[in-house]
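Based on the sequences and whatever the hints tell you, model everything.
Chains as they are written, first to last, in the numbering used here: chain E, 3 to 345; chain A, 3 to 345; chain R, 3 to 345.
Take these hints with a grain of salt, some might be off.
Straight line, CA to CA, 25 Å or less: simulated BS3-like cross-link-like pairs of lysine-lysine [to be verified]:
#, chain 1, residue 1, chain 2, residue 2
1, A, K264, E, K195
2, E, K195, E, K169
3, R, K169, R, K195
4, R, K96, R, K47
5, R, K133, E, K96
6, E, K169, R, K195
Label pairs and their in silico Cβ distance ranges [unchecked claim]:
#, chain 1, residue 1, chain 2, residue 2, range
7, E, D310, R, P31, 34 to 40 Å
8, E, S112, A, N128, 53 to 59 Å
9, E, D310, R, Q192, 40 to 46 Å
10, E, A65, A, D310, 32 to 38 Å
Since the hints were derived computationally from the structure, they do not count as laboratory data.
Glycine included, each C-beta is placed from N, C-alpha and C at the ideal position.
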Amino acid sequence: MAYTLQQLADAVDGKLMGDGQLRIDRVAPIESADAGAISFVSSEKFARHLAGTQASAVIIPEALSEQSPVPAILVNKPRAAYARIAQLLYPPEKPPAGIHPTAVVHETASIGADCSIGAHTVIDENVSIGKGAVIEAGCSIGHDSSIGEATHLHANVSVYHDCRIGKQCIIHSSTVIGADGFGFEHDQGQWLKIPQIGGVVIGDNVEIGACSTVDRGAVNDTIIEEGVKLDNHIQIAHNVQVGAHTVMSNGVGVAGSTRIGKNCLIGGMTGIKDHIEIVDNVMITAMSLVSKSLTKPGSYSSNTPIDDTRTWRRNTARFRQLDELARRLIQLEKQINNSSSSC
Amino acid sequence: MAYTLQQLADAVDGKLMGDGQLRIDRVAPIESADAGAISFVSSEKFARHLAGTQASAVIIPEALSEQSPVPAILVNKPRAAYARIAQLLYPPEKPPAGIHPTAVVHETASIGADCSIGAHTVIDENVSIGKGAVIEAGCSIGHDSSIGEATHLHANVSVYHDCRIGKQCIIHSSTVIGADGFGFEHDQGQWLKIPQIGGVVIGDNVEIGACSTVDRGAVNDTIIEEGVKLDNHIQIAHNVQVGAHTVMSNGVGVAGSTRIGKNCLIGGMTGIKDHIEIVDNVMITAMSLVSKSLTKPGSYSSNTPIDDTRTWRRNTARFRQLDELARRLIQLEKQINNSSSSC
Amino acid sequence: MAYTLQQLADAVDGKLMGDGQLRIDRVAPIESADAGAISFVSSEKFARHLAGTQASAVIIPEALSEQSPVPAILVNKPRAAYARIAQLLYPPEKPPAGIHPTAVVHETASIGADCSIGAHTVIDENVSIGKGAVIEAGCSIGHDSSIGEATHLHANVSVYHDCRIGKQCIIHSSTVIGADGFGFEHDQGQWLKIPQIGGVVIGDNVEIGACSTVDRGAVNDTIIEEGVKLDNHIQIAHNVQVGAHTVMSNGVGVAGSTRIGKNCLIGGMTGIKDHIEIVDNVMITAMSLVSKSLTKPGSYSSNTPIDDTRTWRRNTARFRQLDELARRLIQLEKQINNSSSSC
Chain E
3 MAYTLQQLAD AVDGKLMGDG QLRIDRVAPI ESADAGAISF VSSEKFARHL AGTQASAVII
63 PEALSEQSPV PAILVNKPRA AYARIAQLLY PPEKPPAGIH PTAVVHETAS IGADCSIGAH
123 TVIDENVSIG KGAVIEAGCS IGHDSSIGEA THLHANVSVY HDCRIGKQCI IHSSTVIGAD
183 GFGFEHDQGQ WLKIPQIGGV VIGDNVEIGA CSTVDRGAVN DTIIEEGVKL DNHIQIAHNV
243 QVGAHTVMSN GVGVAGSTRI GKNCLIGGMT GIKDHIEIVD NVMITAMSLV SKSLTKPGSY
303 SSNTPIDDTR TWRRNTARFR QLDELARRLI QLEKQINNSS SSC
Chain A
3 MAYTLQQLAD AVDGKLMGDG QLRIDRVAPI ESADAGAISF VSSEKFARHL AGTQASAVII
63 PEALSEQSPV PAILVNKPRA AYARIAQLLY PPEKPPAGIH PTAVVHETAS IGADCSIGAH
123 TVIDENVSIG KGAVIEAGCS IGHDSSIGEA THLHANVSVY HDCRIGKQCI IHSSTVIGAD
183 GFGFEHDQGQ WLKIPQIGGV VIGDNVEIGA CSTVDRGAVN DTIIEEGVKL DNHIQIAHNV
243 QVGAHTVMSN GVGVAGSTRI GKNCLIGGMT GIKDHIEIVD NVMITAMSLV SKSLTKPGSY
303 SSNTPIDDTR TWRRNTARFR QLDELARRLI QLEKQINNSS SSC
Chain R
3 MAYTLQQLAD AVDGKLMGDG QLRIDRVAPI ESADAGAISF VSSEKFARHL AGTQASAVII
63 PEALSEQSPV PAILVNKPRA AYARIAQLLY PPEKPPAGIH PTAVVHETAS IGADCSIGAH
123 TVIDENVSIG KGAVIEAGCS IGHDSSIGEA THLHANVSVY HDCRIGKQCI IHSSTVIGAD
183 GFGFEHDQGQ WLKIPQIGGV VIGDNVEIGA CSTVDRGAVN DTIIEEGVKL DNHIQIAHNV
243 QVGAHTVMSN GVGVAGSTRI GKNCLIGGMT GIKDHIEIVD NVMITAMSLV SKSLTKPGSY
303 SSNTPIDDTR TWRRNTARFR QLDELARRLI QLEKQINNSS SSC
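Structure, rendered in structure tokens:
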């Protein structure tokens with residue numbers, strides 16, 4: 003795939019500086035780029051890399067235009083323009099359309115035009131696959147589920163029955179959509195399984211990483227709204243609702259019935275309790291434990307900082323005395339203030 | 003599936019109040035239920051929802067009987083009765099019995115009556131599958147393993163060789179039973195693999211969520227006793243023993259050779275160290291790190307509370323000074339007490 | 003598999019004590035071993051188990067030679083010798099060579115001599131599989147990827163395109179190599195996907211547990227050097243570099259572009275931030291959050307200790323006041339020191 007610099011500038015509504023006929027066929031980091039590659043510099047902070055670059059062209063903010071030794075595309079947001087240009091130069095790989103002869107597709111399933119159904123994939127009763135979708139090898143799609151147009155399931159994804167996945171989604175390998183929510187009731191010394199009769203509804207343009215799980219609802223559905231991006235090893239429990247365009251990094255776990263707002267950023271390995279609400283535009287730093295609702299936008303954290311083990315041991319030993327130490331401090335304050343007042 | 007209210011009351015040993023011939027065909031939350039549905043209210047706390055309910059019937063404690071505007075089943079434990087009734091109305095889905103023609107079943111394997119073996123599943127030498135078991139598409143069962151009667155493996159589960167899984171278990175997709183335990187010995191600058199020659203033994207009525215792992219033992223077996231319920235993304239390391247009816251929420255990791263008692267409740271994303279013991283009836287709150295044996299029943303916790311990032315930063319900075327601050331407090335106490343005594 | 007004690011002693015360069023013709027066919031723990039088994043005792047600490055052992059022979063340090071009631075192999079490092087002997091007695095299981103008729107192998111793929119390609123495995127265009135490799139059932143290997151000699155992929159492993167896996171590696175079930183890194187750029191209210199055009203390079207003798215993920219690089223490759231051992235549920239994000247012989251226990255997450263040195267030991271469920279560097283020979287205890295570069299070898303920790311929930315609640319409540327308490331302590335110190343000086 004190759005474009006002229008003019009074509010790329012047009013594609014990102016950028017201002018062309020230099021030779022528009024230059025042929026660009028790949029992206030590369032500014033430090034290691036060579037002829038044929040385009041790179042980007044997002045701000046003044048990295049401008050020092052411009053001088054020596056071997057890239058054929060660069061994507062830069064207008065303010066850096068005089069520092070570029072090579073042709074450039076001037077834009078307000080170089081990183082976003084870079085993303086758009088990389089999407090042009092590296093269109094998603096799509097295996098040839100068709101149903102592999104080893105795939106097992108139920109006669110009642112509906113497969114849209116131009117779909118690619120991989121080897122050994124199993125598509126059950128009444129499943130609907132939208133046009134242009136790619137279901138790679140070894141996937142399993144349970145009955146009455148639907149996969150939207152142009153959605154791409156990588157190899158070995160499992161989707162249970164009665165799940166609805168939107169258009170232009172990407173789901174990575176070993177991920178499981180619609181397994182039973184974790185619902186049990188203790189009775190007579192054992193755990194009764196509560197049937198999980200809800201489904202999963204995933205909006206358009208959602209991406210879910212590898213080895214992640216989105217459980218089906220207990221009665222109502224579990225819901226992931228449009229544009230959500232989930233990394234690997236994510237857990238979305240039954241009846242959770244994740245608002246549009248929210249992003250979760252690796253290993254986040256969200257417990258049952260919790261509602262997370264739109265445009266939130268959840269740091270890796272954060273745990274979020276059940277039955278709470280997080281409003282829109284909340285940011286949570288990595289490895290936090292969210293044990294209560296967060297009712298105001300803003301940034302939140304928990305956890306303690308890393309230290310050398312010896313120092314950390316001394317401090318955590320004190321952590322176990324913290325309440326007692328605080329009481330002693332308060333006691334001391336009283337003693338002093340009394341004695342000063344008695345002077 | 004539909005039952006009369008009388009049939010449902012009988013099934014849970016409940017007391018019928020109102021029309022026993024009422025036809026019930028589904029469950030629904032008390033707030034959104036409509037005709038044909040049965041709901042439950044567990045206690046006085048939620049009794050306000052009774053007045054306006056559109057459910058055909060409700061499951062309630064006797065104490066609320068006068069507040070129900072609709073026919074009711076009176077029981078001591080409404081939630082448990084709800085679970086039993088939901089199990090009747092929503093029996094587990096079972097694909098038709100038979101071995102799919104694309105399944106690869108070794109000639110020495112024994113497949114019980116009424117089993118369902120899904121497409122592309124591979125069943126190796128000397129495997130035994132109990133009657134009525136369901137092995138969905140894309141599973142792999144290693145040689146000399148056994149799957150008990152009526153156990154259900156969802157799509158893409160991997161069971162290695164020499165693992166024994168009990169009766170009426172449920173194992174969700176992408177879960178791996180019997181992978182090698184993590185055993186290495188450092189020698190001459192590299193890690194020697196210690197062969198993991200034990201197996202895995204899982205009791206009856208165990209449920210394991212999606213993307214979970216139960217490693218095989220180093221020499222002896224890893225053991226999960228009957229009635230244990232494990233959520234998604236769980237790790238059970240080699241030679242761990244998990245006592246009967248213990249429950250672990252998403253993301254719990256248990257390190258090698260640790261023994262966990264019966265009827266424990268382990269909160270999500272908790273880490274449990276190797277070679278420790280946890281007695282029966284221990285509860286651990288989410289995201290705790292269990293670094294030592296817990297020898298008494300009760301509730302345990304670690305971790306720090308979430309706060310806005312600015313406040314949290316100030317507090318964690320002090321955490322790093324905690325031992326020093328404590329020493330200064332002690333010093334101050336001495337100083338004051340000396341000076342008071344010298345007055 | 004059986005050996006004489008002499009053969010085993012020779013294999014580990016150990017000193018034989020007793021009958022070299024003794025036939026050993028298995029290993030067992032010192033407490034439960036019986037005839038035919040060999041056990042080990044690593045140090046004086048466990049020497050009490052020697053007296054009553056029923057093992058046919060033991061592997062011990064020379065210092066314990068007089069305490070052994072049975073024939074022995076004397077070595078400096080009994081545990082390493084045990085690992086080597088267990089490797090001899092339990093050679094890795096290898097299914098018979100050959101390509102299963104249900105496997106789908108692209109005509110351009112190159113399969114080395116003596117490979118075993120399992121049922122329903124899919125091997126795409128231009129893939130190269132080294133001689134003696136084992137690819138078990140249900141795996142998927144994307145185009146232009148390569149698997150080194152004698153490497154073993156267990157069932158249901160997914161390898162995306164353009165990934166290079168070295169020789170003598172072991173990768174366990176449900177693990178995913180080469181899924182897209184988590185790269186998005188916010189623009190006009192939504193997240194633009196940044197194409198992930200790098201690959202994954204994994205060195206020789208690497209073992210990766212079950213349900214783990216190694217993402218492909220954004221532009222350059224993600225790199226795992228030789229001899230690295232990763233447990234289950236590990237996340238290696240795009241462009242991470244893991245140094246040779248580093249070990250990570252279950253659930254560790256490493257965020258993008260971070261570089262980890264050689265011979266590190268990373269405790270379970272530790273989170274490591276993006277774009278940091280960790281030098282060689284660092285040890286990190288379980289469930290730590292590494293939020294900054296670690297520039298010196300040594301042991302590091304974070305997190306707080308487990309306690310009964312009631313005590314913990316009191317202490318964490320104080321944690322939220324920690325900065326204020328520290329200020330009050332400092333204030334009190336000033337007050338006292340002023341008053342003492344004013345005396």
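* To do: Kindly confirm whether 32 to 38 Å is satisfied by the beta carbon distance between A65 (chain E) and D310 (chain A).
  => holds (34 Å)
* To do: Could you tell me whether the CB distance from D310 (chain E) to P31 (chain R) stays inside 34 to 40 Å?
  => holds (36 Å)
* Straight-line Cα separation of K133 (chain R) and K96 (chain E) no greater than 25 Å? -> violated (30 Å)
* Does the hinted range 53 to 59 Å hold for S112 (chain E) and N128 (chain A) at CB? -> violated (41 Å)
* To do: Below or equal to 25 Å on CA atoms is what counts here, so check K195 (chain E) against K169 (chain E).
  => Violated, at about 33 Å.
* Given the proposed pairing of K169 (chain E) with K195 (chain R), does the C-alpha separation stay at or below 25 Å? -> Distance of about 15 Å is within 25 Å: holds.
* Pair hint K169 (chain R) and K195 (chain R), alpha-carbon separation not exceeding 25 Å -> Not satisfied, since the Cα-Cα distance of roughly 33 Å exceeds 25 Å.
* Asked: If you draw a straight line from the CA of K96 (chain R) to the CA of K47 (chain R), is it 25 Å or shorter?
  -> violated (38 Å)
* Are K264 (chain A) and K195 (chain E) close enough, with their CA atoms no more than 25 Å apart? -> Between K264 (chain A) and K195 (chain E) the Cα gap is close to 18 Å, so the pair holds against 25 Å.
* Asked: That 40 to 46 Å hint for D310 (chain E) and Q192 (chain R) (C-beta), does it hold up?
  -> holds (43 Å)
Violated hints, in rising order: 2, 3, 4, 5, 8; the structure is consistent with all others.
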